[in-house]
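Each protein sequence line maps, in turn, to chains S and V.
Counting in my numbering, the first sequence runs without a single skipped number right up to 328 at its last residue.
Counting in my numbering, the second sequence runs without a single skipped number right up to 574 at its last residue.
Simulated from the structure, these hints should not be mistaken for laboratory data.
If a hint is listed, it holds; no wrong ones were tucked in.
Which bits of chain V does chain S cover? Going by a derived footprint, with three or more residues having C-beta under 8 Å, they are: (1) 394-405; (2) 424-431; (3) 435-447.
The C-beta atom is built at its ideal place from N, Cα and C for all residues, glycine as well.
Take a look at the letters that make up each chain.
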Amino acid sequence: MKRSMGVAAWMALVAVIGAVPLLTDDRYLLKVLVFVGINVIIVSGLALLFGYAGQISLGHAAFVGIGAYASAYVTSGLGLPWLVGVLAGTTLAAIGGLLLAMPSLRLRGHYLAMATLGFNEIMYVIFREARAVTGGNDGLSGIPFPEVLGVRMDTPASIYLLVWGTALVVVFLVANIVRGRPGRAMRGLHGSEIGALACGVDVARLKIRTFAVSAGLAGLAGTLYAHAVGFVAPSTFSLEQSVVLLAIVVVGGTGSLAGPVIASIALTLLPYADALIPGLGKDVIAFLQDWEADIYGIAMIVVVVLAPKGIGGLIRAARSRSRAEETG
Amino acid sequence: MTSDSILAVERLSAGYGRVAVLRDVSVDLAAGEMVALIGANGAGKTTLLRSLAGLLKPSGGRVWLEGADVTGMAPERLVRQGMALVPEGRMLFGPMTVTENLLLGAHSRPRRDESVRTDMDRVSALFPVLVERSSQPAATLSGGEQQMLAVGRALMSSPRVLLLDEPSLGLAPKVIADIFRVLKSLRSEGLSILLVEQDARLALRHADRGYVMRTGEIALAGTGAQLLENDDVRHIYLGARHDSRG
Chain S
1 MKRSMGVAAW
11 MALVAVIGAV
21 PLLTDDRYLL
31 KVLVFVGINV
41 IIVSGLALLF
51 GYAGQISLGH
61 AAFVGIGAYA
71 SAYVTSGLGL
81 PWLVGVLAGT
91 TLAAIGGLLL
101 AMPSLRLRGH
111 YLAMATLGFN
121 EIMYVIFREA
131 RAVTGGNDGL
141 SGIPFPEVLG
151 VRMDTPASIY
161 LLVWGTALVV
171 VFLVANIVRG
181 RPGRAMRGLH
191 GSEIGALACG
201 VDVARLKIRT
211 FAVSAGLAGL
221 AGTLYAHAVG
231 FVAPSTFSLE
241 QSVVLLAIVV
251 VGGTGSLAGP
261 VIASIALTLL
271 PYADALIPGL
281 GKDVIAFLQD
291 WEADIYGIAM
301 IVVVVLAPKG
311 IGGLIRAARS
321 RSRAEETG
Chain V
329 MTSDSILAVE
339 RLSAGYGRVA
349 VLRDVSVDLA
359 AGEMVALIGA
369 NGAGKTTLLR
379 SLAGLLKPSG
389 GRVWLEGADV
399 TGMAPERLVR
409 QGMALVPEGR
419 MLFGPMTVTE
429 NLLLGAHSRP
439 RRDESVRTDM
449 DRVSALFPVL
459 VERSSQPAAT
469 LSGGEQQMLA
479 VGRALMSSPR
489 VLLLDEPSLG
499 LAPKVIADIF
509 RVLKSLRSEG
519 LSILLVEQDA
529 RLALRHADRG
539 YVMRTGEIAL
549 AGTGAQLLEN
559 DDVRHIYLGA
569 RHDSRG
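Using the sequences plus the hints, can you model the full thing?
Okay, structure coming up:
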């Protein structure tokens, strides 16, 4: 049985996340942690779609891009407030997910992978070519810092807190979805689509909704990215990034939220290991960054071969072992 | 169609793409009746059940459930109207626990429906082994237990019509007997059961009535006893020979 994470565990998580900017003012480390938080948001949404509902997406980087460009354009192009940009980016990405899900309803497995892959490629070309809005290959710069109620978040610590605060809320909401009725229906759909239909699950609606929520979360992460970095360019939203995101969910384990969250923290930190370990040699970092894709690839192969249920599966196994020791 | 039938199928046609499988099939089912559909592989038995459960849109004809026209209705609405399917191959949710499988069976019912708990108890009483296995993943159950879970899951939607596709497939005789005992007790409680079976003898022995399907049409209809005595049925579906009657 799945046990919900206790109140104490959530409080501890809030405390740890909140304590980081008090313990360090290292700008580089905080920036790296902002990227980690952004990936946690995207991966939570993708874990919902792929890990729970079993619907593959090789187009999630494109949803991140939709959020990032929309928010950048709304704020720096149209001069509207930051919050409007965030809402616009998130909504547009969710609508994108909806529009992609509808024609893809009849597709599953490899065919859904191809359709979403095609979507990522189409969006990538649009990001590059729709220069009036996206700035083409040069990208968009001068995106304003987030600003809520007149408070400008222009320090690494404030952006860190904004991103991780959002990530915490997202993980909490996704945890509630997967624990409740919708999560049960998603896992049912993953287990057997015919079975889910026979149980009276409105499979089409469930797929479309899950796609929209998942894409919306990717879009939300994209808006945070745009305002945290201040600059967006097409290469950030390429198919390669979608593959990396999916790899993180696989390493984290399907049917798990904690696993993919842990995997997204670990795998995003990896190429920036020097931020955590100050003494680390430059050549080690250069190696990690040059071989990043290979390291992800190897991690994925190791997981598929040795622990097909990923980090989440290992957590579940450890839990049932400790329960067995308690009772036995 | 007769006025007292809970399910009435009127000249139903259906198929896959341009391939027609069912042609003008008419079947009816009275309240508290168990009816068997028998026939060779490819006769259209499963296609008929799939069309009735809404998994396949019929290309012609009408389906009436308790007097309401439900032709072409989506599966999730049909489940809410009281039609439940135990699909071919069971289609359980393998990694999910037995309890979760049963709860998902009640997915069509309101969130805080107290009677879900009552039905859970009822299914537990019908299949006590499922209680022992409640926190085990469905995939780890034996074939017989899985079939019981599949029936239990369908019952969790509180149906009035139960469609069963090949409940005996791959099971030991003792398990089959257990399952049919449960089906008969459900029938005596007023549930109507439409059953597709490969094992024609088994099905006709237990059912009130039967239909014989051949190449997408109803070839014969009658009571279980009549069909068991019918020479064509005996030779084609029961494997009897002229010299070995009885």
